[in-house]
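Enquirer: On the provided structure of chain A, position chain B as indicated by the hints.
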Amino acid sequence: MSGDHHDHDHAGQEVPSATALRVKALESLLVEKGLVDPAAMDAIIDAYETRIGPRNGARVVARAWTDPAYKTRLLADASAAIAELGFLGSERAHMVAVENTATVHNLVVCTLCSCYPWPVLGLPPVWYKSSAYRSRAVIDPRGVLRDFGVTLNEGVSVRVWDSTAELRYLVVPQRPAGTEAMNEDALALLVTRDSMVGVALVAAP
Amino acid sequence: MNGVHDMGGMHGFGPVLPEANEPVFHAAWEGRVRALSVLMGAWRLWNIDAGRHSIERLPPADYLRMSYFEKWLEALVNRLLAAGLVTPEELASGRKADGAAVASPPVTADMVTDIIAARGSYRRDVPGKPRFAAGDRIRAKNIHPEGHTRLPRYVRGRLGVIERDHGAHVFPDSNARFAGEAPRFLYTVRFTARELWGNAGNAADAVSLDLWEDYLDPA
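These protein sequences, in sequence, are chains A and B.
Start counting the first sequence at 1; every next residue gets the next number (my numbering).
Start counting the second sequence at 1; every next residue gets the next number (my numbering).
Hints listed in this document are in silico derivations from the structure and should not be mistaken for laboratory results.
Treat the hints with care, as some may be off.
[What the hints assert, rightly or not] Going by beta-carbon spacing under 7 Å, a handful of chain B positions derived as facing chain A: (1) Gly-8; (2) Trp-29; (3) Ala-35; (4) Val-107; (5) Ser-208.
Cβ coordinates follow ideal geometry from the N, Cα and C atoms, glycine included.
One chain only, chain A, in its complex shape (with noise of 0.2 Å):
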């Protein structure tokens, strides 16, 4: 096997890693012994590349700026709220939305693997798995949120959230000050994956 993270490029001709070729052979063999429906791999790809994505929790925190009633109902049962936006899978992804205010800031890892809350996210980016995250979100938190840029102010808490069973975390950002005439759309614009797993503030426009 390869160690290859990526194909290389040269001038525009594509050469396969040993890895690429490794899953080339594999995919071959499945479709050949029927285990696997070729087409069904491409529309699963699509859907992670183009339908499933931080766009669908940016709706989720916007909804919760602009909608009282609705955040109450998100901190209460995440499922049953994102399920209302009918995001995929949400319903039943177990979800819990964990809200930062004036004196609590939440950041979410998983130590042990990578899960993630892929109905309102995504699939996690590589940092998120990085051995680096893994291990220094739990006991050095505010040294990783430096990694990103952030410093916290002073009186601010800092919870993390592993994930070791199937709850997945939704962090609800501070909505910035100076936002109060935007509507939802353009809130929406404003939320950043990142500030969804907690390592980012959303900045104001």
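Expert: For chain B alone, coordinates are given in the frame of chain A:
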């Protein structure tokens, strides 16, 4: 198992390195591995806990060296072999063995939306009442199961407080070894950073984990 996958609190892995404008997959093969894992899982010859355990059991040096999707690939191949879905000879040749049956895929493209949405519920109804309630003090057991467990080393033996009762959920320690779902009550448990890390922890901070009743003693 006390494996390298149980990373909470380890030192030496360096800074976290975010990547600007990161793609969903960094190479086409990563998406193929992800899709193959979903579709081979649909044969229901293993479960999510057994899948995680197959990754944890990769040789430790390989686990640390490989990228995320390289680990997925290696563990998938191991699961396919263990389940008898492919033979070592077929993997070596890349061709179906002569005379081997041709199956019919359980998932077709039109079913993909439902399959992705069908991440099942892990909550189960069980008789009996939870032993703990919010506010109760507990101590995480100092146990070292050789099989799969979701009790990380860094909380074993530590004092915590029950934050929330989630009802009974499938118990990974049992499910991963195909010994049944054996649902147990599940709780969110809060530990102070000082309790976990001594003076290296900030007095204002805390870590919460979701832990099954079997992992906890009253304190």
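Enquirer: Work down the list of hints and note, for each, if the structure agrees.
Expert: Structure-based check of each hint:
no.	hint	verdict
1	Gly-8	4 Å, holds
2	Trp-29	4 Å, holds
3	Ala-35	4 Å, holds
4	Val-107	5 Å, holds
5	Ser-208	5 Å, holds
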